[in-house]
Amino acid sequence: SAVISQKPSRDICQRGTSLTIQCQVDSQVTMMFWYRQQPGQSLTLIATANQGSEATYESGFVIDKFPISRPNLTFSTLTVSNMSPEDSSIYLCSVAAQQETQYFGPGTRLLVL
Amino acid sequence: EDQVTQSPEALRLQEGESSSLNCSYTVSGLRGLFWYRQDPGKGPEFLFTLYSAGEEKEKERLKATLTKKESFLHITAPKPEDSATYLCAVENAGNMLTFGGGTRLMVKP
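Chains as they are written, first to last, in the working numbering: chain A, 1 to 113; chain B, 1 to 109.
Next comes chain A alone, as it looks inside the complex (with noise of 0.2 Å):
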């Protein structure tokens, strides 16, 4: 399986900044997700990143609040724009080769005040 890593691990935010979380795998793979757990809950799929193109986002998601670019096969970012208490959770890049199973990162734990 890839070796996926994220930065930062954790952050503190202050209400109304922005927040960017990479995510790097150490191989070229089709499919890149982002996730959003928050606390006690399960995860929820925010977008799906599309290499050179833009993203695919779930319902509930949008561009605006969750920008995401995927320049290569092997990287990802995502940021929380214009941050509030509600966005504290953990966010999670996961990785997948056509078909097959994904792979989590991680996670980046985001705390904002």
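Keep in mind the hints are simulated off the structure, nothing from the lab.
Only a predicted model underlies this, so the values are computations on that prediction, with no experimental measurement involved.
One thing to keep in mind: the hints can contain errors.
Within a straight-line C-alpha distance of at most 30 Å, the following computed DSSO-like cross-link-like pairs (lysine-lysine) qualify [claimed, not checked]:
id	chain 1	residue 1	chain 2	residue 2
1	B	Lys57	B	Lys79
2	A	Lys65	B	Lys42
3	B	Lys57	B	Lys42
4	B	Lys42	A	Lys7
For this one, chain A is given, so just place chain B on it according to the hints.
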């Protein structure tokens, strides 16, 4: 809409006390059912993929089974290090995962 329901939400076992976790699902075009383990503060760790009813997979003290409506994760003679949250997810025809709420397992020595 795809739905996954896991039960119980929390389970306390004594070391060596075997039990099962349940995952009930409805999905349009099941491509696979996945079990993950998640430790506090970490990302989910992949355990098993099941593709069709009747399929079973084993890994150490864990055994996963699948029917057309549900999956079970059987834990035989658990140890304290098996304590974690176990997540079930289904993948639909569009390669999207839907997760259940998880079962928090605590194994006491």
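Hint-by-hint comparison with the structure:
no.	hint	in the structure
1	B/Lys57 x B/Lys79	20 Å, holds
2	A/Lys65 x B/Lys42	25 Å, holds
3	B/Lys57 x B/Lys42	24 Å, holds
4	B/Lys42 x A/Lys7	13 Å, holds
The structure shown violates none of the earlier numbered hints.
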